[in-house]
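Protein sequences, first through last, are from chains A and B.
Per the working numbering, the very first residue in the first sequence carries number 1; after that it's consecutive.
Per the working numbering, the very first residue in the second sequence carries number 1; after that it's consecutive.
Keep in mind that the hints were calculated from the coordinates and are not lab data.
The C-beta atom is built at its ideal place from N, Cα and C for all residues, glycine as well.
Treat the hints with care, since some could be wrong.
Derived Cβ-Cβ restraints for the label pairs, each shown as a range [unchecked claim]:
(1) B/P346 with A/M172: 52 to 58 Å
(2) A/Q151 with B/G94: 29 to 35 Å
(3) B/D439 with A/Q151: 47 to 53 Å
(4) A/G322 with B/P229: 43 to 49 Å
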Amino acid sequence: MSSRTLDYPLHEQTLGNGLRVLTSPDHGAPVVAVNLWYDVGSRHEEAGRTGFAHLFEHIMFQGSAQVPTGQHIALLQAAGASVNATTWFDRTNYFETLPAGGLDLALWLEADRMGTLLDALTQESLDNQREVVKEEKRQRYDNVPYGDVMQLLNGLTFPADHPYGHTTIGSMEDLNAATLTDVQTFFRRHYLPNNAVLSIVGDVTPEDAFDRAETYFGGLAAGPVPAKPSNDPLPALSGTERAETSADVPAAAVYLAWRLPPRGTAVFDALDLACSVLGHGQTSRLHQRLVRTDELAESASASATGLIGGSSAFASARARDGVSCEQLEAALVAEVDRLATEGPTEQELRRAKAQYERHWLNELARVDSRADAFGEYATLERDPTLVNRRITDLEAVDADQIQTAVADWLRSDQRATLTYRQEPS
Amino acid sequence: MSSLPQPPIGPPAVWSFPTPERARLDNGIEVLAYPLRGQHVVSAHLVLDLPLNAEDRAAEGVATIAARTLDEGSRTHHGEEFAELLETEGAGLGVDLTLSGTQVVLDVPVSHLDRALELFAEAVTEPALSDADVQRHVQLRLAQIEQGQANSAQAATTAFRSALFDDASRAQRMNGGEADTVAAVTPDAVRRFHAEHYGPAGATLVLAGDFTQDPVALAQRCLGGWTNPAQQVVAPQVPAGTGRRALVIDRPGAVQADVRYGGLGIDRRDPRWADISVSSYAMGGGFLSRLNATLREDKGYTYGVRLGFAPMRSGGTFAVQGSFRTEVVVDALAITRELLDVGSSPFTRAEVDDAVNFYVGISPLRYATADGVADQAAAQVLGGLPEDYLDRSLARLRAVTPESALEAYGSLVRLDDLTLVVVGDASVIADPLRALGFDDLEVVQRAG
């Protein structure tokens with residue numbers, strides 16, 4: 001196997017106000033990616049305010065002292081940019097990629113809203129974006145088959161009052177309850193230069209990138225770093241809790257859920273590879289057994305979600321006509337248990353690593369996702385140089401480590417089960 | 001607290017879509033190789049000149065089943081051994097079927113290109129297409145159709161194309177086939193389809209990445225010896241439209257309604273393509289386009305709405321598309337109709353400039369990676385476009401004026417001719433839609 005050592009250049013400085021600035025020159029194309037990771041996500045939300053971090057992300061596009069509402073995206077698009085933002089359990093990130101001549105504009109826009117968002121905040125913009133977010137929730141979750149699965153699985157995997165006990169989209173009730181005061185408090189608490197990482201990747205020299213970061217962000221005031229939610233991971237699930245639901249879906253489905261250790265640990269990497277062996281791709285065990293050999297399922301997969309305060313893994317399958325949920329569950333459990341007793345074969349492990357390598361090289365092939373990766377590893381694991389080492393780190397995981405990790409964590413007697421039955425339409 | 005003024009934007013760098021190295025393999029396959037420094041994952045697209053109208057009308061879907069079964073084992077490497085070998089190389093193999101052609105796509109780290117391209121060639125030229133694998137893929141496709149029908153947005157897209165084209169046009173029906181014809185696809189039909197339609201004639205191999213060896217020599221070794229005297233080449237069909245219709249596909253209790261509102265469009269070779277790209281961006285492409293600014297940012301009716309023109313090899317379609325909560329969808333359509341009628345507010349110079357700057361500026365990013373370049377090059381082959389198409393098209397975009405944008409728009413977006421498909425709760429929305437002027441509205445019960 002090739003064991004590629006990546007050497008994307010990386011330069012780092014911290015401004016006087018605590019903003020970490022990462023930059024990586026790449027003159028292959030006349031474009032530059034700007035990416036800001038704020039260390040705030042849905043895990044920071046308070047009771048009764050689920051969905052707020054994501055609603056707040058929308059407010060960030062509603063203007064600031066010098067930027068009229070909606071113009072953040074409009075000005076960038078008119079400069080040839082692709083622009084967006086995402087919210088997840090552990091983060092909120094804002095990013096734009098554009099021709100290098102627009103770098104100043106991008107930094108100015110990001111700095112203006114980091115410094116002065118509240119100057120432009122109005123009840124009208126909050127109300128409008130609340131409706132937009134509710135439409136997003138309907139479109140992506142409420143009006144699609146199986147749209148409530150993530151919420152149900154999260155509820156089975158983490159206690160309701162745990163930072164990961166609710167999904168990022170939140171509830172309609174909580175979205176309705178959000179006030180202007182909530183927006184102001186959240187902004188002042190989390191949107192600080194010393195609670196963010198700025199990555200600039202592309203057609204710019206490191207000196208130039210640092211100078212411009214200082215120009216636009218250097219005058220912003222630091223603030224007290226917010227208290228972090230506990231990162232102490234919970235132990236594995238202790239029993240085999242079950243939930244059942246039904247809806248007008250085309251096929252019944254079964255989902256198994258586990259609690260795993262946090263990302264950034266060797267055991268999580270081993271479990272991530274285990275999930276790949278189990279349920280990623282055409283040669284994975286679940287596909288081979290449930291879809292191909294036994295023809296029980298129209299699809300079957302497994303994946304791990306790495307989070308800093310404790311991860312999760314889900315395995316699932318959708319039933320073919322005439323197959324019961326009990327048959328599906330038994331087959332899923334049998335394959336999970338077999339991995340715990342036999343471990344992966346050397347071939348399976350090679351495949352999982354080779355697939356990871358291609359996935360990671362593809363991620364890093366683009367300046368925008370490379371900037372995002374630097375911001376991710378700097379924010380969540382404090383070390384952006386891990387981006388260059390991921391492939392070699394995973395390469396070092398051996399079959400015994402995987403078998404041990406599976407036997408410790410991915411046990412069928414330490415799982416939760418969600419059964420999704422068909423309700424006749 | 002600093003309050004620097006808004007900085008100016010520097011001049012765009014000169015940029016061109018890369019020019020490929022061209023070669024022809026011994027069997028006639030055209031090779032387009034794009035060496036791209038720093039792109040460690042090679043993207044290879046084998047573009048087959050195989051329009052979907054080559055399928056037998058009674059067994060539509062056979063092309064999709066054949067393509068999906070390619071990597072289920074070859075005559076050299078049986079069954080799952082084939083996929084295991086391919087995945088061990090870190091390779092990903094996919095297929096992409098459009099009305100105008102089939103693509104088989106390989107992504108692989110450059111260090112594994114040799115072996116992966118050999119396996120790729122095996123899948124294309126000597127797939128096993130066994131009875132069991134074909135039958136399983138038929139069942140999986142039928143399950144996929146059911147899942148699609150249960151998804152409001154997919155159901156809307158499917159119903160829209162079905163309403164736009166006449167029955168003789170392959171474009172009327174899903175690329176992967178409808179349930180009744182997929183169910184009729186047999187292993188023999190799949191093997192016959194492969195035997196009669198997969199071959200080197202008219203095929204193009206696009207390769208992009210940071211090659212460490214001569215890609216043409218490698219292509220010659222893997223694919224240059226492929227022959228198929230039985231190959232039949234079928235000319236692509238020019239689809240034909242029907243008259244306008246207005247449909248509601250009923251989903252009782254749905255909290256949102258999915259809208260498709262549009263008609264027949266044009267392809268990229270039409271002289272109006274640059275103009276309509278600009279006017280559709282101003283109407284429904286940019287974030288503050290007329291539709292999105294009003295329906296999302298002002299009214300809060302939707303997560304997003306757009307007007308998109310989708311080119312085919314000949315002709316195309318266009319639609320306003322979005323999801324709106326049930327209570328406001330009729331008002332959203334009333335506003336959409338008002339906005340689409342640009343009579344009293346023609347496109348402005350500023351709108352045209354913003355659209356052109358967007359398209360020109362986004363290109364270097366979109367085509368900076370191996371798969372971005374290979375995707376575009378393959379799309380050009382399938383669209384019958386020259387290799388410098390993008391540079392020409394950017395030059396044409398820069399020449400668009402408010403007047404030319406309006407003229408193209410007026411010739412294509414004719415309000416009285418638009419077809420409407422709404423997937424939503426008919427008991428709530430059908431009568432108000434009739435009252436809005438869709439007095440010939442048909443209500444259709446959901447299939448399945």
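Okay, the hints, checked on the actual structure:
1. Checking the proposed 52 to 58 Å range against B/P346 and A/M172 shows it is violated: the Cβ atoms sit about 41 Å from each other.
2. A/Q151 and B/G94 have their C-beta atoms about 31 Å apart, which keeps the hinted 29 to 35 Å range intact.
3. Roughly 42 Å separates the CB atoms of B/D439 and A/Q151, a value that falls outside the hinted 47 to 53 Å.
4. Checked against the given bound of 43 to 49 Å, the beta carbons of A/G322 and B/P229, roughly 44 Å apart, stay inside it.
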